Amino acid sequence: MSAASDSRWALVLAAALWLAFVGSAAGQPQWTDENFDRWVFNRGGGPVQNAADARKELDRSLLLNIEEIDRVCKLTEAQKKKLQLAGRGDIKRFYDHYEVVKRKFHRLKHKQQDDWQELWNELWQDINPLQTTFQSGLFHKDSLLHKSLRHTLTAEQLPRYQAQAEERRRFHHRASIELAVNSFEESMPLRDAQRQELIALLLKELKPLRKSSQIEVYIVTIQMSLLPDDKLKPVFDRTQWKIVRAQLDMYKGAVQNLKQRGLWPEDDEDVDAPPADAKPAAKRENQP
Amino acid sequence: MNRIRAGVLFAVAALALLPYLGVPAADPPPNQDAPKKAEQADKKKPDANADAPAEKKATAPAKAAKGAAPAKPKPATPPLVKEKPNEAVEKQFELQFGRQFQHLYRTELHLLRVVCKLTKPQYQKVAADGEPALKATKEKYLGYWRNQRQGRWDSSGQADPRETLSAELEKALQKTLTPEQAAAYKKERNLRTAAQRRAVVKTLIVMMDRTLVLSTEQRDKIHEILDKNWKDSWYTHVVRYGGNYFPEMPPDAKILPILNDTQKTIWKGVQKVNIRYGFYGLNMGDVGEFEETWDDDVPAKPEPTPEKKAVKKSKQPSNKAEKK
Numbered sequence: 573m574s575a576a577s578d579s580r581w582a583l584v585l586a587a588a589l590w591l592a593f594v595g596s597a598a599g600q601p602q603w604t605d606e607n608f609d610r611w612v613f614n615r616g617g618g619p620v621q622n623a624a625d626a627r628k629e630l631d632r633s634l635l636l637n638i639e640e641i642d643r644v645c646k647l648t649e650a651q652k653k654k655l656q657l658a659g660r661g662d663i664k665r666f667y668d669h670y671e672v673v674k675r676k677f678h679r680l681k682h683k684q685q686d687d688w689q690e691l692w693n694e695l696w697q698d699i700n701p702l703q704t705t706f707q708s709g710l711f712h713k714d715s716l717l718h719k720s721l722r723h724t725l726t727a728e729q730l731p732r733y734q735a736q737a738e739e740r741r742r743f744h745h746r747a748s749i750e751l752a753v754n755s756f757e758e759s760m761p762l763r764d765a766q767r768q769e770l771i772a773l774l775l776k777e778l779k780p781l782r783k784s785s786q787i788e789v790y791i792v793t794i795q796m797s798l799l800p801d802d803k804l805k806p807v808f809d810r811t812q813w814k815i816v817r818a819q820l821d822m823y824k825g826a827v828q829n830l831k832q833r834g835l836w837p838e839d840d841e842d843v844d845a846p847p848a849d850a851k852p853a854a855k856r857e858n859q860p
Numbered sequence: 002m003n004r005i006r007a008g009v010l011f012a013v014a015a016l017a018l019l020p021y022l023g024v025p026a027a028d029p030p031p032n033q034d035a036p037k038k039a040e041q042a043d044k045k046k047p048d049a050n051a052d053a054p055a056e057k058k059a060t061a062p063a064k065a066a067k068g069a070a071p072a073k074p075k076p077a078t079p080p081l082v083k084e085k086p087n088e089a090v091e092k093q094f095e096l097q098f099g100r101q102f103q104h105l106y107r108t109e110l111h112l113l114r115v116v117c118k119l120t121k122p123q124y125q126k127v128a129a130d131g132e133p134a135l136k137a138t139k140e141k142y143l144g145y146w147r148n149q150r151q152g153r154w155d156s157s158g159q160a161d162p163r164e165t166l167s168a169e170l171e172k173a174l175q176k177t178l179t180p181e182q183a184a185a186y187k188k189e190r191n192l193r194t195a196a197q198r199r200a201v202v203k204t205l206i207v208m209m210d211r212t213l214v215l216s217t218e219q220r221d222k223i224h225e226i227l228d229k230n231w232k233d234s235w236y237t238h239v240v241r242y243g244g245n246y247f248p249e250m251p252p253d254a255k256i257l258p259i260l261n262d263t264q265k266t267i268w269k270g271v272q273k274v275n276i277r278y279g280f281y282g283l284n285m286g287d288v289g290e291f292e293e294t295w296d297d298d299v300p301a302k303p304e305p306t307p308e309k310k311a312v313k314k315s316k317q318p319s320n321k322a323e324k325k
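Chains as they are written, first to last, in the working numbering: chain A, 573 to 860; chain B, 2 to 325.
Calculated from the structure, these hints are not laboratory results.
Values in this document were obtained by computation on a predicted structure and should not be read as measured data.
Mixed in with the good hints, there may be bad ones.
Stated by the list, open to error - Here are some of the chain B residues that sit facing chain A, going by a computed Cβ distance under 10 Å: (1) 105; (2) 222; (3) 226; (4) 264; (5) 271; (6) 286.
Said to hold, decoys possible - Label-pair distances were calculated between CB atoms; the ranges are: (7) A:822 with B:181: 31 to 41 Å; (8) B:270 with A:660: 54 to 64 Å; (9) B:153 with A:668: 39 to 49 Å; (10) B:265 with A:653: 18 to 28 Å; (11) A:723 with B:152: 53 to 63 Å.
Where is the CB? At the ideal position from N, CA and C, for every residue including glycine.
Throw the hints in and build the complete structure from the sequences for me.
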């Protein structure tokens with residue numbers, strides 16, 4: 573919940589710290605490419621420090637994702653190649669975006685400005701989505717890899733993959749709901765029966781995220797804050813409800829920001845569903 | 002002007018990053034006895050007495066005076082605070098966090114009320130008798146806070162404040178609650194701990210899954226490993242830093258055998274951090290006034306008109322009848 577946002581703030585502040593440190597020495601920030609890469613890729617002390625490290629990590633992540641699909645669907649070599657191509661497309665798309673922002677960084681870096689903070693704010697508008705994308709992982713439901721599955725897998729393979737993906741999504745969703753409820757109990761403890769009832773309600777009412785996110789628990793709490801009172805209120809007693817409502821009201825304002833960052837789970841069309849023009853298995857080229 | 006702004010930014014950022022500066026560069030070596038050590042570390046955790054006011058501590062030698070040679074007082078391990086508690090620091094702590102601890106206490110009392118089915122007078126007695134538990138909890142976190150201000154960060158993994166409070170309450174209310182009530186509260190506490198543990202283990206599996214893309218069977222096996230190697234510090238870590246950093250995990254010798262080659266390479270490179278904790282307040286945002294609601298608190302209805310009064314009187318049973 574707030575923990576995730578704390579760490580995000582820590583990253584922002586890390587950047588600010590660096591700027592302040594360097595800037596205070598010369599009166600003007602000395603931005604380097606290393607700084608830029610750390611802003612985009614570093615997860616607060618992790619091993620990924622630059623674009624090259626990130627590339628290796630993304631390549632390994634693609635390999636893992638394809639291995640997982642292979643485990644479930646028993647892919648042919650041709651299918652694997654097709655998926656690799658799509659996954660590389662995701663990585664390329666990300667690095668194209670990275671290069672665009674980096675070019676802007678270079679432009680601004682050399683610009684003589686009195687107010688570097690204003691400059692930084694402008695740059696951060698571009699770095700932040702890049703950082704979020706990298707941290708969330710590239711191979712989510714909106715990725716080329718994921719979308720290509722519909723055209724790559726056979727009619728027998730696709731449902732097997734969908735079942736596996738759905739099971740994973742449910743597991744993640746349940747975990748974030750359980751953690752959100754437990755975190756929420758720091759301000760209002762519940763009886764076990766209430767806890768189970770609330771978890772069941774949230775599982776029923778809340779949509780899982782399209783993209784994996786490190787702030788999933790926070791997003792769950794915001795979703796919970798938007799549930800109608802008539803659904804939420806019966807879980808709590810009179811004394812609890814006053815506290816619960818007041819606490820949840822504090823989260824309502826964050827929706828817009830999450831929407832802008834593409835993290836809000838709305839209009840969740842089912843991209844796993846086979847397209848209307850799905851070919852029957854026999855006509856597919858890439859039979860395992 | 003820029004320099005001043007930079008200075009302010011530097012200070013704010015340095016403050017926010019202090020916990021991260023305590024992160025060791027390398028992973029700790031695999032250790033089969035990690036859970037046992039964690040248990041031992043828990044036992045060594047500073048208790049409320051470590052921060053007890055000077056006058057309370059002064060009573061110890063008096064008790065020992067009955068023996069021929071007073072035994073040397075055992076040094077607290079680790080010695081958290083040697084100096085006399087500073088009143089100004091305590092006041093600042095109270096000012097900054099007192100309201101949150103009060104909220105923590107009142108909400109826990111509410112749970113007690115519901116679980117133990119307390120009447121209003123019973124509740125009032127429990128609330129009064131439980132005050133030492135609140136005090137002990139505050140003192141514990143004051144200790145963390147004071148130490149952090151002196152650059153000494155807690156690396157044992159701070160306990161969940163509510164768990165600390167409820168454990169203290171259990172002690173403080175031994176004579177107040179009936180055995181049945183105490184058992185009911187204990188049962189709820191255990192269920193809460195179990196729920197926290199389930200949520201944390203699942204979150205850690207999700208974190209691993211995001212990194213390693215695990216199969217269902219692998220997730221099940223990791224669930225078993227995490228459950229068997231549970232560390233109390235994981236709760237604080239996951240609630241505060243969940244999703245971002247792995248805590249110190251079970252040894253590779255237990256995890257690696259269930260991973261494939263690609264996963265093994267990645268897992269070995271993942272940093273598992275032993276974060277040193279500071280205390281920045283309870284995880285409850287801005288808390289309002291907590292008000293316990295009772296049925297007899299319902300505001301009196303407006304005085305009925307004389308006509309209605311007369312009608313009502315004829316319908317109502319007398320007080321004597323009610324008592325019967």
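Results for each hint:
no., hint, in the structure
1, 105, "8 Å, holds"
2, 222, "14 Å, violated"
3, 226, "16 Å, violated"
4, 264, "7 Å, holds"
5, 271, "8 Å, holds"
6, 286, "5 Å, holds"
7, A:822 with B:181: 31 to 41 Å, "38 Å, holds"
8, B:270 with A:660: 54 to 64 Å, "22 Å, violated"
9, B:153 with A:668: 39 to 49 Å, "48 Å, holds"
10, B:265 with A:653: 18 to 28 Å, "25 Å, holds"
11, A:723 with B:152: 53 to 63 Å, "59 Å, holds"
Checked against the numbered hints listed earlier, the structure breaks hints 2, 3, 8; every other hint is satisfied.
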